[in-house]
Each structure stands twice: as structure tokens, then as C-alpha cells.
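Chemist: Here the protein sequences come in this chain order: A and B.
All letters in the first sequence, in the order written, are residues 1 to 112 by the numbering used here.
All letters in the second sequence, in the order written, are residues 1001 to 1110 by the numbering used here.
No lab work stands behind these hints, which were simulated from the structure alone.
Treat the hints with care, since some could be wrong.
Claimed, not checked - Computed footprint of chain A on chain B, listed as stretches where at least three residues anywhere in the stretch have a Cβ under 8 Å from a Cβ of chain A:
hint	segment
1	1075-1081
2	1102-1109
Unchecked claim - Residues from chain B shown here face chain A by an in silico Cβ test under 7 Å; the list is partial:
hint	residue
3	F1090
4	N1097
5	T1098
As the list claims (entries may be wrong) - Covered stretches of chain A, as calculated for chain B (at least 3 residues, CB under 8 Å):
hint	segment
6	41-50
7	100-109
Note that the structure is predicted; figures quoted are calculated from it, not measured.
Glycine included, each C-beta is placed from N, C-alpha and C at the ideal position.
The residues making up each chain are set out below.
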Amino acid sequence: AQSVTQLDSQVPVFEEAPVELRCNYSSSVSVYLFWYVQYPNQGLQLLLKYLSGSTLVESINGFEAEFNKSQTSFHLRKPSVHISDTAEYFCAVSDEGFKTIFGAGTRLFVKA
Amino acid sequence: NAGVTQTPKFRILKIGQSMTLQCTQDMNHNYMYWYRQDPGMGLKLIYYSVGAGITDKGEVPNGYNVSRSTTEDFPLRLELAAPSQTSVYFCASTLGNTIYFGEGSWLTVV
Chain A
1 AQSVTQLDSQ
11 VPVFEEAPVE
21 LRCNYSSSVS
31 VYLFWYVQYP
41 NQGLQLLLKY
51 LSGSTLVESI
61 NGFEAEFNKS
71 QTSFHLRKPS
81 VHISDTAEYF
91 CAVSDEGFKT
101 IFGAGTRLFV
111 KA
Chain B
1001 NAGVTQTPKF
1011 RILKIGQSMT
1021 LQCTQDMNHN
1031 YMYWYRQDPG
1041 MGLKLIYYSV
1051 GAGITDKGEV
1061 PNGYNVSRST
1071 TEDFPLRLEL
1081 AAPSQTSVYF
1091 CASTLGNTIY
1101 FGEGSWLTVV
């Protein structure tokens, strides 16, 4: 069975500082990995995904995540955060089928 | 393009009442899902469907029912509402491995 563990429930950080949101997964088959972002009172939006190929994937707003198979991790990073990045971030894993399992979420709070 | 549309956005139910959360998508996606989101718990899959006429249970199906008579619609029914069903419900559909979510339905059972 697949599972996703997000190691931090909340991450406070100052504006323009770097941030890393940690995600570990377990699966017995090949996986696809995702990060979703949820702004207050909204649904989840895809931030970035790893399906195959390069292990480093990037989003259009400066986030990146690296798939590390040996450590079964898919940590999300941004070198300089903005106030507008304040949101909840969900790591998710999907097998070669269609069922996606989500982590419990990490609340990123960017302070001025 | 409306994407995934859920109604109602907010609802308060009394214990034992029943209701249906509506979900429709206009992207012709075969796969559709219902998730519930509880604080600190992430999203839990309630039911899913791989196409019209086909549904299956997810992680937390008890207390819910679904149907999928058309590709577009995937309603979620609560037959006997319980306080444990107070949650935020998200309908979603997929194209490939990317999930498209509705904006959520906030349900409170009192």
C-alpha cells in the first residue's frame, strides 16, 4: 500500500528566506509524485509533478522539488518566499493506476 | 471552461437528515473522485469512478453513496448525517495523472 508522510505540519518563515517542505513516501510500485497548493477557502491546485525523466521538477512560480528514489523523498523548495506563498501544501503519490494518496499537509506561513 | 463544479458550497444538516452533494465536470474526464478534508488529516478518498456506470469505494466510504449515470455527473449522497461527517468535501476529476478539484463544499452536521 502507498503512503505519504509530510514531516512538518506548520512551517513559519520570513519573507525572502528559503524554505523546504519535506515529503516522504512509501510504495511497492513505480510512482508518480505531486505537490498541490491550497489557498484559503479554495480547492487544491497542482503545483508541480514528477512522472519520469529528470528528477528535478519546477513550477512556474519558483518552487522546485527533487525526486530521490533511494531516500523515497520528494521535498519541495523555494529559494526566496513571498507573502503570497502563504498556503497549505500537500504532497501526493499515485501509482500507475489512478488512485492518488495525499499527505496530511504542511501549512506554510510567510511573515513580513 | 467551468472545470469541476460543486454545489452547495455551504450546508448545515441536522443529525439523521440526508442530502446530496452535486458534482459536474465539463472536461469529459472518465475518472472522478470524492474526497473529504479534515484538519491535519489531508484528503481522504471516499468514492471514485472510472466511468459512467462504474463506482468503487475509497479509503473512507462508510455513510456515503455515489452514482455515476453520466460522464459529467458524480453526486455524493449522505443518507443519515452524523456529526463525524462534518468536513469539507471536494469533488475531482483526472486527465492522466493530474487531478482537477472543485472549490469544495463545507458541511456541518449538528
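Chemist: Next, verify each hint and record whether it holds.
Modeler: For each hint, the structure was consulted:
1. Counting residues of the segment 1075-1081 of chain B whose beta carbon lies closer than 8 Å to any beta carbon of chain A gives 0, which falls short of the minimum of three for the stated coverage.
2. Note: the segment 1102-1109 of chain B has 3 residues with beta-carbon separation from chain A under 8 Å; the three-residue rule is met and the coverage holds.
3. Taking 7 Å as the C-beta contact cut-off toward chain A, the hint placing F1090 (chain B) at the interface holds, the least distance being around 6 Å.
4. For the restraint placing N1097 (chain B) at the interface with chain A, the shortest Cβ-Cβ distance is roughly 5 Å, inside the 7 Å limit, so the hint holds.
5. The closest approach between the C-beta of T1098 (chain B) and any C-beta of chain A is roughly 6 Å, which is under the 7 Å cut-off, so the hint is satisfied.
6. Under a criterion of three residues with beta carbons nearer than 8 Å to beta carbons of chain B, the stated coverage of the segment 41-50 of chain A is upheld, 7 such residues being counted.
7. Coverage of a stretch by a chain is defined here by at least three residues with a beta carbon nearer than 8 Å to that chain's beta carbons; for the segment 100-109 of chain A and chain B the count is 6, and the condition holds.
The earlier numbered hint that this structure contradicts is number 1, and it is the only one.
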